[in-house]
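Engineer: Okay, here's what each chain looks like letter by letter:
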Amino acid sequence: MSTDSTKLAFNDGWQYAPAPESTDHIQIDDHYGLFINGEFVAPEIDRYFESINPATEKPLSNIALASEKDVDRAVKAARKAYTGVWSKMSGADRGKYLFRIARIMQERAREFATIESLDGGKPIRESRDIDIPLAAAHFFYYAGWADKLEYAFPARTPVSLGVVGQIIPWNFPLLMAAWKIAPALACGNTVVLKPAETTSLTAMKLAEVFRDAGLPPGVVNIVTGAGPTGAAIVNHLDVNKVAFTGSTEVGKIIQRSLAGTDKKYTLELGGKAANIIFADAAIDEAVEGIVNGIFFNQGHVCCAGSRLLVQESVADEVVRKLRDRMETLIIGDPLDKNTDIGAINSAGQLETIESYLSIGQAEGAEMYQSDCSVPDQGYWCRPTIFTGVSQSNRIVQEEIFGPVLAIQTFRTLEEGLTKANNTPYGLSGGVWTDKGSKVFKMTQKIRAGVIWANTFNKFDPTSPFGGYKESGVGREGGMHGLGAYLKLEA
Amino acid sequence: MAETRIPVAKTYKIYLGGKFPRTESGRYFPLNAADGTVIANMCRGSRKDFRNSVVAARSAFAGWSASTAYLRGQILYRIAEMLEGRNEQFVSELVLQGISKRKAVKEVEASIDRLIYYAGWSDKYQQIFSSVNPVSSSHFNFSVLEPTGVVGILAPENSSLLGLVSNIAPVIVGGNTCVVLASESLPLCAISFAEVLHASDVPGGVVNLLTGFKDELRDQFASHMDVNAVVFCDGDAEISKIIQEKAADNVKHVISRRDQDWSSEMSQNPYLISETQETKTTWHPIGS
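Protein sequences, first through last, are from chains A and B.
Numbering of the first sequence is given in my numbering, commencing with residue 1 and proceeding in unit increments.
Numbering of the second sequence is given in my numbering, commencing with residue 1 and proceeding in unit increments.
Mixed in with the good hints there might be a few duds.
To be verified - Below, computed lysine-lysine pairings styled on PhoX-like, alpha-carbon distance capped at 25 Å:
no., chain 1, residue 1, chain 2, residue 2
1, B, K124, A, K148
2, A, K264, A, K76
3, B, K124, A, K441
4, A, K80, A, K69
5, A, K487, B, K241
6, B, K124, A, K487
7, B, K241, A, K252
8, B, K48, B, K13
9, A, K458, A, K337
Stated by the list, open to error - Cβ-Cβ distance ranges computed for the label pairs, FRET-style:
no., chain 1, residue 1, chain 2, residue 2, range
10, B, R51, A, D316, 41 to 49 Å
11, B, P203, A, D316, 40 to 48 Å
12, A, P424, B, S92, 44 to 52 Å
13, A, S390, B, H198, 36 to 44 Å
Just so you know, the hints here were simulated from the structure itself, not pulled from any lab data.
Just so you know, even glycine gets a beta-carbon here, dropped at the ideal spot from N, CA and C.
Please build the complete structure, drawing on both the sequences and the hints.
Structural biologist: Here you go:
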């Protein structure tokens with residue numbers, strides 16, 4: 001190992017003692033049923049699938065596989081709760097339930113964080129400091145909206161939609177559940193939610209929170225399973241709105257299958273964000289931004305800064321500093337508080353990422369991976385960068401959803417901008433420069449829904465999120481996120 | 001005894017990239033009056049015309065979307081002025097297409113007023129729909145609207161001028177560019193309206209107007225990969241389904257304005273502008 005590439009790690013002079021989060025305070029049941037009408041029930045057909053720990057490949061629990069009939073049961077419960085209770089309740093009272101849910105989530109935060117890292121593979125530092133607090137904050141934020149909706153829409157009366165079907169991804173399991181459920185309930189809808197099949201556990205724990213908060217039965221129903229369960233929600237005739245977060249490919253299938261129906265929909269789909277570094281940027285900060293942009297949550301982030309566009313005059317410096325910084329990243333046990341990069345969420349996703357590593361090399365790009373060790377068991381991918389890539393390369397155009405960065409250079413602002421906008425996606429983007437007027441020029445011209453200037457991968461319940469172009473339809477979060485769950489009457 | 005003057009008949013062409021070419025296909029369809037006489041041979045626009053229009057609209061997008069709200073408002077107002085000046089021409093075209101003089105006068109007046117209504121929104125809708133977001137970290141965070149891009153508009157079949165204006169105005173006042181398929185049975189006003197646009201400092205390519213058959217071109221509007229949103233105003237459930245299915249090819253926004261009464265006050269509001277807008281959220285650290 002060269003001295004250069006380890007100098008930020010003090011030439012291995014400092015060792016990290018393991019600092020694992022304990023698991024003795026959590027309880028994971030052997031089997032989880034479906035959460036329908038306020039209680040955990042067995043699936044209609046006795047079928048369960050394993051949820052495994054991607055860091056050890058060992059099973060954690062068995063999750064019920066919901067059939068079309070189970071989904072129908074859940075939708076019926078949601079409809080009954082909508083007509084009987086929730087749509088009649090005052091906004092203030094709905095808000096009180098949401099506040100209560102937020103509080104219980106805060107109380108149980110450590111348990112949630114631990115289970116999230118066990119089930120999904122993300123570093124405990126991230127689940128503890130980002131996922132779980134943000135999830136609670138979403139409930140807290142939308143709780144306050146429940147009795148103030150008419151202030152958000154001038155000259156209109158907002159009206160709830162009815163039963164909302166929600167399908168969420170595996171990269172931020174609890175956060176996505178909160179992101180979807182909180183505004184739906186605040187706006188007076190009832191919910192049938194399906195977590196991703198590799199990460200159902202915190203959703204089942206969230207169901208316990210709903211139960212303990214005394215949320216009326218049927219207001220939120222959680223059905224577990226894979227694609228067919230999701231399709232049963234999307235295609236159910238008594239669902240009024242579908243909210244989906246996931247890949248663009250599946251998003252298109254959903255948009256197609258909703259054609260000809262009156263169902264509203266919001267789609268939060270894939271991305272291929274450009275993180276653009278100008279020569280006048282604070283380079284060390286920018287390097288931190290690049291690392292956070294692509295290696296946060298193993299790169300399992302739809303808005304990840306998966307393309308680096310760096311101005312030619314500083315390209316060598318940026319890449320050198322980035323490589324140095326990559327060498328300091330610790331990959332390993334998600335429960336260890338020293339860990340920077342956890343496990344890849346599933347064997348399937350690891351396979352996808354690895355196929356892109358081959359594609360990138362076959363396309364002629366030069367691959368560089370950090371030198372860190374990885375555990376023997378589990379699914380792992382070292383932080384990876386590609387240089388010498390061109391705009392038409394698949395690793396530039398397609399979402400990889402892993403810790404893989406494609407690096408390109410540019411000379412002029414216009415060139416950087418053209419390259420940034422030249423993909424079918426438009427979810428997010430990043431700009432690094434110390435010049436204010438350039439910040440605004442770039443943030444205005446990047447065709448994407450979320451732009452981070454001199455920062456990256458920041459999230460907040462008050463901040464609307466969602467994509468341009470093939471990255472989706474609609475916004476979630478903030479005041480704008482209410483519109484997705486209401487119809488406006490004159 | 002004075003001879004009767006032979007009037008000069010108008011040739012109706014399409015409006016593409018700020019020019020008035022004939023359809024590249026060389027095809028036409030006759031527009032007949034109630035008594036069966038031919039009023040005009042309209043261009044039967046082709047898929048190629050549509051694709052060319054999208055290219056023109058995309059080229060015009062950068063400039064138009066970057067123009068100031070004030071300028072867009074002035075240009076919309078100018079369109080209204082030009083329409084007012086040509087009031088009688090539009091009334092006579094509407095009458096020629098088969099409605100009463102009284103109704104025609106009303107429709108032209110309503111169209112002019114609608115343009116002024118949206119001209120006034122140009123520098124205000126942002127203020128209604130934007131927000132500064134109080135994030136719990138040391139960042140300045142704000143959300144603004146930006147135009148979604150190129151919008152395909154299948155104009156309403158039963159409203160020659162007012163329906164056309166009511167759909168174009170909210171799209172372009174928000175900085176989008178568009179490709180419009182005029183009413184198939186009432187197409188005259190659309191092409192004359194293109195002349196009004198042309199004389200109103202609307203940059204070429206911002207509005208492209210085709211005449212032709214909906215059944216032939218509808219799918220193109222829905223499926224074209226460089227169109228960001230499709231607005232449609234007619235069609236049964238089956239047609240609506242097909243449009244939405246094809247729109248999914250590139251995750252288009254699909255905006256259905258079926259069964260809308262375009263003469264109603266409810267057919268003009270800033271929410272119609274927001275339907276072809278994207279919300280962009282920007283973060284910047286607060287520090288030293």
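Engineer: Now tell me if each hint is right for this structure.
Structural biologist: Quick rundown of the hints versus the structure:
no., hint, in the structure
1, K124(B) x K148(A), "holds (23 Å)"
2, K264(A) x K76(A), "holds (19 Å)"
3, K124(B) x K441(A), "holds (22 Å)"
4, K80(A) x K69(A), "holds (16 Å)"
5, K487(A) x K241(B), "holds (21 Å)"
6, K124(B) x K487(A), "holds (23 Å)"
7, K241(B) x K252(A), "holds (14 Å)"
8, K48(B) x K13(B), "holds (15 Å)"
9, K458(A) x K337(A), "holds (21 Å)"
10, R51(B) x D316(A): 41 to 49 Å, "holds (43 Å)"
11, P203(B) x D316(A): 40 to 48 Å, "holds (42 Å)"
12, P424(A) x S92(B): 44 to 52 Å, "holds (47 Å)"
13, S390(A) x H198(B): 36 to 44 Å, "holds (41 Å)"
Going through the hint list in order, the structure satisfies each hint without exception.
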